[in-house]
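Undergrad: If you read the sequences in order, they're chains A and B.
By the numbering used here, the letter at position 421 of the first sequence is numbered 421, and the numbering carries on one by one without gaps.
By the numbering used here, the letter at position 100 of the second sequence is numbered 100, and the numbering carries on one by one without gaps.
Worth flagging that the hints you see were computed from the coordinates, not collected in a lab.
One thing to keep in mind: the hints can contain errors.
Stated by the list, open to error - Now the stretches of chain A that chain B is said to cover, found in silico as 3 or more residues with beta-carbon under 8 Å: (1) 262–273; (2) 308–320; (3) 364–370; (4) 449–461.
Stated by the list, open to error - Covered, in the sense of this in silico footprint (three residues per stretch, anywhere, with C-beta under 8 Å from a C-beta of chain B), are these stretches of chain A: (5) 117–128; (6) 173–185; (7) 206–212; (8) 240–250.
Heads up, the beta-carbon is just placed ideally off N, CA and C, and yes, glycines get one too.
Next come the chains, spelled out residue by residue.
Number of protein chains: 2
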Amino acid sequence: MLHEAPAASPATPPAAPSAGVVTALEALRLELGGDVLQVGPGLDVGRLGKDYALQSPSGAAPLAIARPGEVAQVAQILHCCNAHRIPVVPQGGMTGLAGGAVPLVPALLLSLERLRSIEEIDVDAGTMTVQAGVTLAEVQAAAESRGLFFPLDLGGRSAQIGGNAATNAGGNRVVRYGMMRALVLGLEAVLADGSVISSLGKVLKNNAGYDLKHLFIGSEGTLGVITRLVLRLQPKPASTATALCAVPSYAEALALLQRLRAGLGGQLAAFELMWPAFYHLATTLAERQPPIDEGHGLYVLVEALGSDPGRDAAQFESVIAAALDAGVVADAVVAQSVAQARSLWEIREGSGAFRKHHSPQLPFDVSVATSDIGAFVEDCNARLRARWPLAKILYLGHAADGNIHISIKLDEQAGSARQMDDVVYAAVRDWKGSVSGEHGIGACKRDYLGHSRSEAEIRLMRTLKAALDPAGILNPGKVLPPDDGVSAGV
Amino acid sequence: MLHEAPAASPATPPAAPSAGVVTALEALRLELGGDVLQVGPGLDVGRLGKDYALQSPSGAAPLAIARPGEVAQVAQILHCCNAHRIPVVPQGGMTGLAGGAVPLVPALLLSLERLRSIEEIDVDAGTMTVQAGVTLAEVQAAAESRGLFFPLDLGGRSAQIGGNAATNAGGNRVVRYGMMRALVLGLEAVLADGSVISSLGKVLKNNAGYDLKHLFIGSEGTLGVITRLVLRLQPKPASTATALCAVPSYAEALALLQRLRAGLGGQLAAFELMWPAFYHLATTLAERQPPIDEGHGLYVLVEALGSDPGRDAAQFESVIAAALDAGVVADAVVAQSVAQARSLWEIREGSGAFRKHHSPQLPFDVSVATSDIGAFVEDCNARLRARWPLAKILYLGHAADGNIHISIKLDEQAGSARQMDDVVYAAVRDWKGSVSGEHGIGACKRDYLGHSRSEAEIRLMRTLKAALDPAGILNPGKVLPPDDGVSAGV
Numbered sequence: 001m002l003h004e005a006p007a008a009s010p011a012t013p014p015a016a017p018s019a020g021v022v023t024a025l026e027a028l029r030l031e032l033g034g035d036v037l038q039v040g041p042g043l044d045v046g047r048l049g050k051d052y053a054l055q056s057p058s059g060a061a062p063l064a065i066a067r068p069g070e071v072a073q074v075a076q077i078l079h080c081c082n083a084h085r086i087p088v089v090p091q092g093g094m095t096g097l098a099g100g101a102v103p104l105v106p107a108l109l110l111s112l113e114r115l116r117s118i119e120e121i122d123v124d125a126g127t128m129t130v131q132a133g134v135t136l137a138e139v140q141a142a143a144e145s146r147g148l149f150f151p152l153d154l155g156g157r158s159a160q161i162g163g164n165a166a167t168n169a170g171g172n173r174v175v176r177y178g179m180m181r182a183l184v185l186g187l188e189a190v191l192a193d194g195s196v197i198s199s200l201g202k203v204l205k206n207n208a209g210y211d212l213k214h215l216f217i218g219s220e221g222t223l224g225v226i227t228r229l230v231l232r233l234q235p236k237p238a239s240t241a242t243a244l245c246a247v248p249s250y251a252e253a254l255a256l257l258q259r260l261r262a263g264l265g266g267q268l269a270a271f272e273l274m275w276p277a278f279y280h281l282a283t284t285l286a287e288r289q290p291p292i293d294e295g296h297g298l299y300v301l302v303e304a305l306g307s308d309p310g311r312d313a314a315q316f317e318s319v320i321a322a323a324l325d326a327g328v329v330a331d332a333v334v335a336q337s338v339a340q341a342r343s344l345w346e347i348r349e350g351s352g353a354f355r356k357h358h359s360p361q362l363p364f365d366v367s368v369a370t371s372d373i374g375a376f377v378e379d380c381n382a383r384l385r386a387r388w389p390l391a392k393i394l395y396l397g398h399a400a401d402g403n404i405h406i407s408i409k410l411d412e413q414a415g416s417a418r419q420m421d422d423v424v425y426a427a428v429r430d431w432k433g434s435v436s437g438e439h440g441i442g443a444c445k446r447d448y449l450g451h452s453r454s455e456a457e458i459r460l461m462r463t464l465k466a467a468l469d470p471a472g473i474l475n476p477g478k479v480l481p482p483d484d485g486v487s488a489g490v
Numbered sequence: 001m002l003h004e005a006p007a008a009s010p011a012t013p014p015a016a017p018s019a020g021v022v023t024a025l026e027a028l029r030l031e032l033g034g035d036v037l038q039v040g041p042g043l044d045v046g047r048l049g050k051d052y053a054l055q056s057p058s059g060a061a062p063l064a065i066a067r068p069g070e071v072a073q074v075a076q077i078l079h080c081c082n083a084h085r086i087p088v089v090p091q092g093g094m095t096g097l098a099g100g101a102v103p104l105v106p107a108l109l110l111s112l113e114r115l116r117s118i119e120e121i122d123v124d125a126g127t128m129t130v131q132a133g134v135t136l137a138e139v140q141a142a143a144e145s146r147g148l149f150f151p152l153d154l155g156g157r158s159a160q161i162g163g164n165a166a167t168n169a170g171g172n173r174v175v176r177y178g179m180m181r182a183l184v185l186g187l188e189a190v191l192a193d194g195s196v197i198s199s200l201g202k203v204l205k206n207n208a209g210y211d212l213k214h215l216f217i218g219s220e221g222t223l224g225v226i227t228r229l230v231l232r233l234q235p236k237p238a239s240t241a242t243a244l245c246a247v248p249s250y251a252e253a254l255a256l257l258q259r260l261r262a263g264l265g266g267q268l269a270a271f272e273l274m275w276p277a278f279y280h281l282a283t284t285l286a287e288r289q290p291p292i293d294e295g296h297g298l299y300v301l302v303e304a305l306g307s308d309p310g311r312d313a314a315q316f317e318s319v320i321a322a323a324l325d326a327g328v329v330a331d332a333v334v335a336q337s338v339a340q341a342r343s344l345w346e347i348r349e350g351s352g353a354f355r356k357h358h359s360p361q362l363p364f365d366v367s368v369a370t371s372d373i374g375a376f377v378e379d380c381n382a383r384l385r386a387r388w389p390l391a392k393i394l395y396l397g398h399a400a401d402g403n404i405h406i407s408i409k410l411d412e413q414a415g416s417a418r419q420m421d422d423v424v425y426a427a428v429r430d431w432k433g434s435v436s437g438e439h440g441i442g443a444c445k446r447d448y449l450g451h452s453r454s455e456a457e458i459r460l461m462r463t464l465k466a467a468l469d470p471a472g473i474l475n476p477g478k479v480l481p482p483d484d485g486v487s488a489g490v
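Construct all of the structure, not just a fragment, from the sequences and the given hints.
TA: Structure, rendered in structure tokens:
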């Protein structure tokens, strides 16, 4: 078997729920109505049973499925589950890549899909107040409709904005705008005991006590359930400049990055590295004419977002031209139209090519210091090749923020997911990197958390978990590795 | 009496320390050496007794003063103090404005001033790893020496960088670069029990478990003692454009802000509002020729930081000119030299004028939604005038991020600090603002925390405090209002 699901916590009873739990859920169903709460057994899980990650575990059969339409109902549900020790798995768009929203134990699935109101767009303050179940695509469109811009962008735009916050989503524009954490001004969450923490301020400057929102952003539903957000919007960029550059090696990629940072005055919005095997897959194998010949050391997709279409393009081209003159860039193509820019992005996204030539695949989402990326990729590749000389391995990444994606085709040339995890995460540990740059830990990487975080850090995480969710009902088994029952939930 | 210090916690014994405490401190002194730990009574507190805030309480006489030169010594000190329930007050440059580093009870003063090594500057990654006691001025200069830029800037540049992080410092460039929280990639802190939490990663993208650094940033030394930081550096701006604009009212100031945001492509770095009484003080009263006549509704100091000196200036001037043509701006002066820019900033900083004509003063640092600033200032002013018709009150602020500073001259026309606090913070509460935009809560504002945060939020803050500092030794009496001994420390 190629994919090994994380084992459910040993304390988990696989048996039928206790009479007390059945009675409590039935009473809750009568309070909330059958459209808000369905109680099992035999529930149709549909899309709530699985996320986008191939190696995610198959979800356990749920005890109940809740689809609250109001924050007060979320509070009621959590209050009841906490009192009766019923595990709760918060769920958004199910586009995650780490098994974070897949139930490992029989649980109440808490889908935020009906909390889908855009409550306010404040153009002066540059903010949008939304409920958690609004999709990323809807948030982007709503900002655009008011002449503003919500910069978070990633492949799964049917993700819910609450899930984007719970997982601190990243994507392609982090180098300019930051991760989701930087785009959230205010946040409302419901704690395990049902109390509602409403910190929905709209200001950038607020130092009135502890900044509680950061507890919930990126903790993957293990410390509370995010119900509403105040998002920070940006001015809509008036110009986009896109180029594909070939560089001899990672040293020149770094030099190009410094030139772009210095020359574009903060307008650099994407700096996407593609190693040769990936470039080959996304062009020649995908029957797409390579815009620059194959054979270079590395390819970089560069994008700048500016405010003055005429002058920005000239400035962008002059920075690229200077890099060519200096020998930092070996060859370059600057997009002359929106369609050309789109086709350069299609290469980076590997549209079609992945599915056709590199599927099923095991994806990694790691990060190391930007200065170490080149050497890390070489080292990691050598370790993988030593074990699986013929495996098909691709490297690409958002290099300006240290994030590297590795994709290994799962075929007879490769090892098991667990074996390859072991090799890649050992390399990450040795380079003092992070086992998750942007996808999160979820269920898939919890056994490797200690590769990137010290015992003291993990102990502090457990302290927080125990303080905020003493009964361990919230998303049990996620993020933190099992600790003999201390934090692994029910 | 104009200034009323917050009362020390009623549980605090004002008497001599117990024999156990004396013995423990003496043993610690023998371990660490007399240069690291001085034990009282009769210690010369020097600059560690008082911060920059006039209304800060007079510090209690310390039990001991520690000046550790290594992180391991910080850990030893905290471990000992935790075991013996000795209050610890972490101290940086003592430039705070909220009494956060002033001891309210007899305590060990833990000065970070000897942790002053700049450990690494990584130009490729754009990071600087520093110990907590390095001053802001030193960090700025070290970045500059490598062709990079650390954007945090504020009046008290002798502040220590650890204190900047502990208080989540703001300043003038937040609109572009964010507050201190956004400038910290990694952080090391020592917990109350002496365990060292080292999260010194250098990457922008890191989702490996809870992001612990945010617990320590902005919690004013009540949850842990920050010992090291990895700072995010920026490319050094190649151009600076500065202008002073007069606008008829706050509505036009907002319209100007939108134009600058849209027209400057993210280069807007400061948008500083000055209401007429402040402008009068900083120009005419200070014997400085007003660059724009008095009599306008509001004055705005605008600064943009760019990458191309020639083109940025033209772009900046064209945005200002368009705002003049549209009637948004009534009059404007664009600085034509560094000296002119400097003299415009001197107006905003009120250099000299404050000391001479508006001292002593009671400063406020509040924030409300950017769209509400104009109406908030009117309402707050009306409330103050209703009580003290002749008080001298100035308003200025970093409006793009919602932050407003109010300064009331403490003379016979004004009320007591407590009375005026009551009026201003009631207005902040009614406008759903924050009683601290950037200075923090410290000792001075803890009684007003509930004006900006709900009971549920404060309860969660107490939960965090109890989880991380169960003995309540860390900076007792700060941030959280007393709660019958639950979190108020020793």
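Undergrad: Examine the region 173–185 of chain A for residues whose CB is less than 8 Å from any CB of chain B, and state whether their number is three or more.
TA: holds (count 7)
Undergrad: Quick check: the region 240–250 of chain A, covered by chain B? Criterion 3+ residues, Cβ under 8 Å.
TA: violated (count 0)
Undergrad: Count the residues of the region 364–370 of chain A whose CB lies closer than 8 Å to any CB of chain B, then report whether that count reaches three.
TA: Result for this restraint: holds, n = 4.
Undergrad: Within the assertion that chain B covers the region 262–273 of chain A, do at least three residues meet a Cβ-to-Cβ distance smaller than 8 Å?
TA: Since 6 is at least three, the answer is holds.
Undergrad: Mind taking a look at whether chain B covers the region 308–320 of chain A? Criterion is 3 or more residues with CB to CB distance under 8 Å.
TA: Coverage by chain B holds for the region 308–320 of chain A (4 residues, Cβ < 8 Å).
Undergrad: Please verify the coverage claim for the region 117–128 of chain A: does it have three or more residues whose C-beta sits within 8 Å of some C-beta in chain B?
TA: holds (count 6)
Undergrad: When I compare C-beta atoms, does the region 449–461 of chain A have three or more residues closer than 8 Å to chain B?
TA: holds (count 10)
Undergrad: Three residues minimum, CB to CB under 8 Å: does the region 206–212 of chain A make the cut for coverage by chain B? Let me know.
TA: Check passed, 7 qualifying residues.
In summary, the structure is inconsistent with hint 8 from the numbered list given earlier, while agreeing with all the others.
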